[in-house]
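Take a look at the letters that make up each chain.
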Amino acid sequence: MRLIDAASWVCLLAPLAACALIALAGERLGRRACGLISTATTMVAFAAAVAVFARMLAEPSAARAHATSAWTWLQAGRYHFGLTLLSDQLSVMMMLIVTGVGSLIVAYSVGYMDGEDEERRYFAYMSLFVFSMLLLVQAGNLLLLLAGWGMVGLSSYLLIGFYQRRPEAVAAAKKAFVMNAFGDATMALALFLLIEHTGALDFASVFARAPRHGTVAALIALGLLGGAVAKSAQIPLHTWLPDAMEGPTPVSALIHAATMVTAGVYLIVRTHPLFQDAKAVEDLAAGLGAATLLMAGLIALVQVDIKRVIAYSTMSQIGYMFVGAGIGAYPSAMFHLMTHAFFKALLFLAAGIVIHALGGEQDIRRMGGLGRVLPATRALFLVGSLSLVGVPPFAGFFSKDSIIAATLTRGAFGYCLFAVCLAGAFLTGLYSFRLYLLVFGGPQSDFAREHLHRPEGRLEAPPSMVWTVAVLALGATVAGFLQFARVWHPLTTWLAPVAAPLADASNRQEAVASVASVALGLAGIGVASVLYGARRRRAPRPLALLEHRFYWDELYAAVFYRPAELAALGLARFVEAPLIAGSIGELSRGLRLGAGELGRAQNGLVRSYVLAIASGVALLAVVFLSTR
Amino acid sequence: MHGPEVTWYVVLAAMLFVIGALGVLVRRSPLIILLSVEIMLNGSNLALIAFARHVGREDGQIFAIAVMAIAASEVVVGLGLIVAMGRRNVELDVDKLRTLRG
Amino acid sequence: MANFVVWCVWVGAAFCCIASALAVVTFSNPFFSALALIGNLASLAVLYLLLGGAFVAAAQVLVYGGAVMVMFLFVIAYLGDKTDQAPWASGPSWQAVATVLAAGAILTEIIVAVALESGGGLSHSPRIAGSFGSPAAIGRLFLTDHLIAFEVTSIVLLVAAVGGVVLGSHARSLQGDARS
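Chains as they are written, first to last, in the numbering used here: chain A, 4 to 631; chain B, 258 to 359; chain C, 104 to 283.
The set of hints was computed from the structure by calculation and includes no laboratory data.
A virtual CB, placed ideally from N, CA and C, is assigned to each residue, including glycine.
Among these hints, one or two may not hold up.
[Said to hold, decoys possible] With the Cβ distance kept under 7 Å, some of the chain A side facing chain C (calculated, not the full set):
1. Ala617
2. Ser618
3. Ala621
4. Leu623
5. Ala624
6. Val626
[Stated by the list, open to error] Some, not all, of what chain A presents toward chain C, calculated at C-beta under 10 Å:
7. Gly607
8. Arg610
9. Ser611
10. Val620
11. Phe627
Sequences and hints are given; from them, build the entire structure.
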């Protein structure tokens with residue numbers, strides 16, 4: 004077996020081995036040991052991904068796709084689906100992101116979850132998640148991708164509901180899973196259509212034989228978009244993401260910032276030929292992304308939970324990625340995916356340090372002035388925020404601007420997207436620095452004074468937590484230098500064989516986009532400083548619309564939940580109780596009555612018995628005579 | 258054949274049988290019931306012998322002799338029961354002998 | 104002439120048969136019922152003779168009349184006072200109606216089956232030889248075609264005799280038991 008194939012398998016299976024080991028060993032492994040096993044295997048997976056990447060660099064650009072198949076997974080009639088891993092430019096990029104950021108976050112968890120009751124279960128689930136995500140990105144055919152897709156949803160459910168005894172956590176896990184199941188269903192329908200029209204699900208056959216420009220093509224793309232929208236928490240299937248913050252902070256960082264929620268973007272980029280055949284659905288994707296990024300930005304302005312602000316920020320940034328994928332700027336979308344993974348994970352984990360220091364408190368109204376007590380964390384958080392807003396030279400600037408510039412190449416629709424993206428940039432500056440200033444700026448709040456506890460010594464948190472965050476900050480700073488417009492674009496070149504961009508912005512458009520977005524971002528920061536800086540009490544009252552998050556939850560409750568609840572109650576009262584439960588009682592009562600009546604025939608008198616016999620004989624005689 | 262045809266004998270046998278059945282059904286004394294059973298058996302004997310005459314072979318008569326023997330055995334057992342009941346001063350009333358009620 | 108004589112004999116015997124049967128069923132004193140049954144047996148013997156069953160008629164009188172009925176009379180005499188009253192059945196009237204209906208139905212059906220439905224199949228009986236029903240004929244059949252019936256019947260008789268003895272002795276050893 005060649006090195007690339009072996010390395011691909013190692014990358015995929017190492018986290019699975021960790022999960023299996025931890026799950027089967029149970030209490031025989033110490034808590035810390037479980038964390039170390041999980042971290043080590045994820046790092047091994049990262050090393051394997053690096054090996055694949057290194058080997059791929061040595062090969063010519065056209066020959067970089069390697070498919071390796073273990074065995075025929077499913078064979079039904081003339082349909083063959085193999086257990087195939089595909090290592091090409093796109094998947095290796097995702098592998099590096101997932102395992103790289105993943106290993107940092109798992110290492111962070113060792114410190115964060117120290118002392119938790121069920122650490123072992125946590126690390127088993129984390130490894131399961133890493134395996135599932137790798138399965139998703141390494142899948143060589145859509146069926147295996149769907150399997151990974153579903154397993155990622157499962158891991159998300161398990162990890163959101165990690166604190167099993169909290170009802171809110173359980174409810175959030177269910178909500179996430181149900182919404183994702185809806186997306187899975189639409190994806191499955193799309194796959195059914197693909198099987199019917201192309202006879203296979205591996206990428207090459209599908210792209211070659213899929214129907215073009217028709218209803219079927221649109222339906223297929225729509226189905227895939229449905230799955231992507233659910234997984235990436237875009238409108239209209241977005242309400243699960245803020246609730247998912249019930250899970251532990253590293254979970255939020257890994258799953259709901261860096262990797263799982265970006266799977267939707269990956270899907271669109273991977274199956275972009277199918278989307279290109281259905282222009283309307285592509286535009287729909289971009290439109291949904293734009294709407295989400297605006298809505299999420301607005302909602303983030305009024306959130307009071309530190310993690311929920313970052314969650315809405317994630318939703319907004321993925322909106323950017325959807326815009327990029329929808330207009331055909333695939334390398335830009337992937338670039339932003341990568342930088343976003345860095346700075347969003349950074350923000351989450353830094354927030355985790357704050358939460359850890361305050362003993363679990365997440366309400367930012369109770370925080371304040373933590374910058375003085377946690378200076379390193381403040382610096383790291385600042386780096387993340389600047390990267391998020393898109394201030395050069397941090398990473399977010401390069402990636403976000405490439406998307407915004409690409410929108411200028413799409414005509415009228417593109418200009419609308421451009422305007423929305425710029426508005427989003429302003430909002431990003433505003434809400435992210437609102438958060439930063441409320442948490443770290445100003446005088447120290449009473450709550451913080453009473454409840455702050457940090458370990459002795461120079462480090463503000465356990466070493467595993469601080470150092471991993473530092474590495475992420477480094478990534479958030481320098482990762483942007485990977486690509487800069489048309490001047491220096493190795494990433495686009497790298498991805499070109501797999502996902503060539505449709506939209507290539509000119510230098511002038513790039514300049515316009517960069518200047519505008521940076522200007523608006525800084526304006527947002529300025530407004531935030533005015534409102535939330537030294538004289539923070541002048542913050543305006545939020546709109547009810549924003550406070551209720553645009554009433555999406557209420558809408559879904561009224562449209563989906565209430566009817567189902569009423570139907571269930573109605574059925575329970577009118578069908579189940581009388582018909583099903585009652586029928587059993589009635590049946591037994593009827594039988595008892597019947598038996599009682601029949602028993603009266605046995606009165607012990609010989610005469611009655613003989614009479615019965617005689618009557619029977621008479622009847623039988625009639626029967627015999629009449630049927631002769 | 259002189260005299261009535263076989264049909265008449267069979268009808269007569271049927272009447273005997275039914276009279277015997279009525280006796281079994283409406284009398285209370287086990288003795289009378291046993292006598293009625295004898296009448297029923299006699300009725301069927303008559304039918305058998307009538308049919309034997311009609312067919313022209315004596316097989317029916319053989320059957321009738323066997324029935325007579327069986328009737329005799331049954332009467333032995335029945336009377337034995339009645340005597341046993343009488344010895345224990347059990348009232349000879351079928352309506353009172355209901356221990357086997359369900 | 105012979106036909107007329109046979110008819111007269113038949114009518115007389117049939118009349119006695121039915122009358123004695125009704126007497127058995129209706130008398131309240133079992134002794135009289137038993138005597139009526141003897142009369143029934145005698146008239147039946149006459150009918151058997153008319154049907155050519157000489158041996159059977161003799162067996163009827165000897166076995167039935169001579170043995171079974173004697174046993175009956177003996178038991179009735181033995182039980183004495185206990186059998187003085189043999190009342191009619193009590194019970195709900197619907198049972199009486201049902202009884203009559205059932206009996207009537209059976210009778211009607213048999214008559215219908217035999218007389219009407221047989222399609223004239225019973226109207227012509229064949230001529231028979233003089234030795235029809237003679238002891239020789241019966242004996243030959245018993246010992247050839249129906250040997251097993253013969254043997255089984257004798258076993259049944261043996262069983263009945265044993266049963267009678269058992270029933271009789273049981274009563275003696277358990278004298279004084281409470282009423283069941």
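Hints, verified against the model:
Look at alanine 617 of chain A: its Cβ gets to within about 4 Å of chain C, closer than 7 Å, so that hint holds up. The restraint placing serine 618 of chain A at the interface with chain C holds, with a minimum CB-CB distance near 5 Å, inside the 7 Å limit. Given the 7 Å rule on beta carbons, the hint for alanine 621 of chain A holds: about 4 Å separates it from the nearest Cβ of chain C. This hint is violated: leucine 623 of chain A has a C-beta 9 Å from the nearest C-beta of chain C, more than the 7 Å allowed.
Because the closest C-beta pair between alanine 624 of chain A and chain C is about 4 Å apart, less than 7 Å, the hint holds. Interface hint at valine 626 of chain A: violated, since its Cβ lies 10 Å from the closest Cβ of chain C, which is beyond the 7 Å cut-off. With a least beta-carbon distance of about 12 Å to chain C, the hint placing glycine 607 of chain A at the interface is violated under the 10 Å criterion. With a cut of 10 Å, the hint placing arginine 610 of chain A at the interface with chain C holds, because the nearest CB-to-CB distance is about 6 Å.
Given hint, serine 611 of chain A at the interface with chain C, holds; its Cβ is 7 Å from that chain's nearest Cβ, closer than 10 Å. With a least beta-carbon distance of about 6 Å to chain C, the hint placing valine 620 of chain A at the interface is held under the 10 Å criterion. A hinted interface residue such as phenylalanine 627 of chain A counts as satisfied when its beta carbon comes closer than 10 Å to some beta carbon of chain C; here the least separation is about 8 Å, so the hint holds.
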